[in-house]
Amino acid sequence: MTANGERAPALPGDAILLHVGPHKTGTTAIQGAHAAARPQLRAAGVLYPRGMDHNPQAAAALNRAQGPDQRPVPRGVWLALAAAVRKHPGRAVVSSEMFCEAYPDTARRVVADLGADRVHVVITLRPLELLLPSSWQQHIKAGHLVSYGRWLERILESRDKLPTTPTFWLRQHHPELIRRWADAAGGTDRVSVVITDASRPRGLFDAFEDLLDLPRDTLDPAAAPSNRSLSLAEVELLRWFNRRARRQVSREAYYRLVKRGAVLDLVEQRTPRPREQRLVTPGWAVQRAREYSRSDVAEIAAMQVNVIGDLRLLAPDSPVPDVPATIEPNAVPIGLAASFAAELFTAGLRAGAELRGDPLHGDATTAARPARPARLGIKLDRAVIGARDRLARTQVGARLGDRLRSRSR
Amino acid sequence: MTARGDVPLLPDDAILLHVGPHKTGTTAIQGALATARPQLQESGILYPGSRLEHNKQAAAAIQRSLGWEHRKVDRGQWLTLADVVTNHPGRSVVSSEVFCEADVDSAKQIIDDLGRERVRVVVTLRPLEKLLPSNWQQYIKSGYRVTYPEWLTDVLESREKRPITPSFWIRNNHPAVVRRWIEAVGDPQRVLVVIVDAAHPRGLFDSFEDILQLPRNSLNADESGPSNRSLSAYEVELLRQLNRRARRDVPYDDYYRLVKRGAVRTLVEGRTPEPHEPRVTTPGWAIERAREFSKSDVADIGAMGVHVLGDLDSLAPTTPVGDDEAVDVTAVPVDLAAAFTFNLLEAAISTKPAPAAPAAVESAVVRLETVGHKLDRAIARVRRRLGALRPS
Chain A
1 MTANGERAPA LPGDAILLHV GPHKTGTTAI QGAHAAARPQ LRAAGVLYPR GMDHNPQAAA
61 ALNRAQGPDQ RPVPRGVWLA LAAAVRKHPG RAVVSSEMFC EAYPDTARRV VADLGADRVH
121 VVITLRPLEL LLPSSWQQHI KAGHLVSYGR WLERILESRD KLPTTPTFWL RQHHPELIRR
181 WADAAGGTDR VSVVITDASR PRGLFDAFED LLDLPRDTLD PAAAPSNRSL SLAEVELLRW
241 FNRRARRQVS REAYYRLVKR GAVLDLVEQR TPRPREQRLV TPGWAVQRAR EYSRSDVAEI
301 AAMQVNVIGD LRLLAPDSPV PDVPATIEPN AVPIGLAASF AAELFTAGLR AGAELRGDPL
361 HGDATTAARP ARPARLGIKL DRAVIGARDR LARTQVGARL GDRLRSRSR
Chain B
1 MTARGDVPLL PDDAILLHVG PHKTGTTAIQ GALATARPQL QESGILYPGS RLEHNKQAAA
61 AIQRSLGWEH RKVDRGQWLT LADVVTNHPG RSVVSSEVFC EADVDSAKQI IDDLGRERVR
121 VVVTLRPLEK LLPSNWQQYI KSGYRVTYPE WLTDVLESRE KRPITPSFWI RNNHPAVVRR
181 WIEAVGDPQR VLVVIVDAAH PRGLFDSFED ILQLPRNSLN ADESGPSNRS LSAYEVELLR
241 QLNRRARRDV PYDDYYRLVK RGAVRTLVEG RTPEPHEPRV TTPGWAIERA REFSKSDVAD
301 IGAMGVHVLG DLDSLAPTTP VGDDEAVDVT AVPVDLAAAF TFNLLEAAIS TKPAPAAPAA
361 VESAVVRLET VGHKLDRAIA RVRRRLGALR PS
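Chains as they are written, first to last, in the working numbering: chain A, 1 to 409; chain B, 1 to 392.
Hint data in this document are derived by calculation from the structure and do not stem from the laboratory. Even for Gly, the Cβ is constructed at its ideal location relative to N, Cα and C. Hints should not be assumed to be uniformly reliable.
Some chain B residues near chain A, calculated using beta-carbon distances under 7 Å [to be verified]: (1) ALA326; (2) ASP328; (3) VAL332; (4) PRO333.
Below 30 Å or equal to it, Euclidean Cα-Cα: the simulated BS3-like pairs (lysine-lysine) are [what the hints assert, rightly or not]: (5) B:LYS141 / B:LYS260; (6) A:LYS259 / B:LYS161; (7) A:LYS259 / B:LYS295; (8) B:LYS260 / B:LYS108; (9) B:LYS130 / B:LYS295; (10) B:LYS56 / B:LYS130.
Just chain B, same shape as in the assembly:
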């Protein structure tokens, strides 16, 4: 098999920094790298840690909160990873889509932490139009209530204004992401853009194998993990309507944990949508609009002087655009409604108590407990007296 596109020769001690963005096959490549850890080690390549990815460390590096934890991750976690990687004499791979949100200063700091000379940055890209439904689903899973058409209208209006979901263009303005990392690493020749092509599902793995000079089929889709299928249109609409009703009644951390990581995950793993169940479809006008962005992106990125693996032009598809409308869901299968409700109830009932409360609440709790103990003693006294009155 031939190498795909413009593969630069990596230094023997290169640190490959894969920065996403989201929904471009990151989970797939991370799973493949994690599964191949022993084989990578044989080739002298370090994929540090024991998890699939390095999201926690990336969040620590850019000092961003991750998921439901409203505190920033300790920067030490990142520095530890950087330490391990810089002390490894051979090549290493660090991968997290969280990096794509780094601003230029954070990105520079990250490069400095890893050692400017050794770092090569990999950006994986897919056509914008393909990223739309999965990104919206992700936002709905995180508790947003906006409908797909409303969200599309808002997000696609302009890349300059702040959308309902502020992270969208930070992650998905592809030329801007590439430019930030060029500036951070100081040389476009140290940035590699990998184009993910739906027509060649193995292409992503091939590209990483080429970059790391690994034999073909060293990296493979990880089938061992739980299914991570996308939600059907019925499922995502039910979730959206739940968000409308319940999101405000529940603290965000509980919501994230119990709904996204709980009931929705159980649904995805436990339920198989019926064959005729519709998927989320992007209306034609939104695809047209996305392609306008993509066309200019292709030109932009092509002029940046970065290495491109795969077909850059495929980022702006030219297939005919249908006149699809977004699916209007008015009813859902009764088995779905029942299963989802049960998952939610189960998650709610079996939830572990949230981490300890802030000081003010803690003291209120202690006070209540004191009152409880006082009541306890009072009741015990009354019972004793009543017991004494009772004829034996």
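If we strip away everything but chain A, and leave its shape as in the complex, we get:
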């Protein structure tokens, strides 16, 4: 364990640092910092393969779906990254929180693909109680409807039962996560655990600089766009919208228009009002989370992994908030409601034609109406989309045709 100001020992000169998350532990910030510092990393002999993060590659390695169409990423995407990293003689960093969901076999294969002798796994950890609100928000952003109170009850009831969010404990059972990756990497000495400390935000970046033997301040905490969490009103509005839209909006439309559309727009464009409530975890849930955390701290301390930062921070002993239950507001600020509605309406109009298929098969009556710039824009949009749709169809047709021809031969 290292005290403040002291540098943690660097990894070997050809180490492949495999950062496996888990989610909501500052991964986006650390990934953004690496991407922004690519020239300095290169100068220091450290490879950070292209992209902001390596989520697509991790999805390929785990045979997972990713992106708007939720299609599995071809395995070649992962193998190409692994090859590039293996070819690089110096240190390299691969970072994706998706790796934390790998089952033992997959984790072993990931390590083998990168070269077992060079891989060093880094796991970033935050107190469980701080992961709860953001994890629930993520669940709601994925289209679910469960209230925070019920979600907490189900998640915290037991770590063994399959909870509402099946991946939650796969990601956030920290001792098991460490064990999985220690097994895969060939021993606890191949794993470093970085404890993030809310009172020392730079600590996380210091730790990566130390492991990679980089000078201080190579990694900039502000490099990644900040991804503020939703206010209580915002996430409740989204949850109610999900209730209303359930089974009526396709997965793809939801991903594009809501998750990557209106919600992202809210986060980026809207500033919650000063008095707007944040999502607060009730006292009983904090208590329960701390029970898990205390046993985790003891367990991890006994594992002989390299811990950077103060492990005890994972089980805070600050006073538990005097909040008996979760708050479910029944009204939302009108500006928020209108912005959300306007965003989804205009986004729906832009995308509607595309999601529906070919928009140009309307009737071809020629009524003379005044041309307006906006209408022209939409027309052009639709035309482009229509042309693209036709393109796609023809490719499919061609592929089918080829197959039929080759069979008849």
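Assemble the complex: chain A is given as a structure, and chain B must be docked to it using the hints.
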């Protein structure tokens, strides 16, 4: 039951032309007439067409655009209706609030088309103060962004200047509407003013029954249609704020179709406001101001020599005016926000393509498609070559 007020005896071949104005129970009476078509026919009365009202034909008659269609309706539609009505030997009723916007010349033309001797004009009137919230709502539904107090201030300042919503005084300067139709029909005795009184909801139906010499309860509220409730203060404010944000990003025809006829209609039909949900309230000062207009209107109309059915004085109520302020909405129920957003998204995604574009756009589209096809062929070529390279 006694006849209400001054009911003139209609000629056997009278054409009753109901000209509105808006928000005076027009939809109710039109629905009643449409539902009663078979019974009317038995009494020799024609209510032409198969729709509730004759708005399209009226728009064609006064050569005005209707709703989102930026083109004028073909005048032939009106002439066809006029033809049907003039060829019917008995009485007929034609009803559309669109007629109230006709200027004197259009009104004269309409009377000529129907035959001056046969036409009797019906104007339905309600107290101005009752028309204010529903008219403002209507404008918000049509995409306006003005707040209720701002709109009231602007509209009630004077009847002479052009307000933010220009149609308001064209429709609702009641003496002017009545005067236009007197001039068009050439005789105040051929104009009937029906006063709509909130205290007697059946009064409007009774009056039409009296005019048409129909037995009581021939005309009844049409309950079969979808609900046409007014919006709550929360709903209309959410819509207004949407207009502020999205109206300029969307072509007007799409906006009208998808928001007014789409998401708002779905909201009105699908949602029941909570019991405590406030309604749009008119501030006391605006009611006072409206009553000033109404008082002089009562005197004006009373001196015109038209037939009045119902209590003309009730147009200028004397009930105490409260010191209400307009509701200041800062938050809306989360279920409303979610439902409205979903309705909008659904309308947007499921929208049919707008009618064909003007020539310039059409040619641009064709050009893009050509480029698309070229790309298509190029991609196909590349794929073929790649396929040839691939080991089999």
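Quiz prompt | Which numbered hints fail | solution = 1, 2, 6, 7, 8
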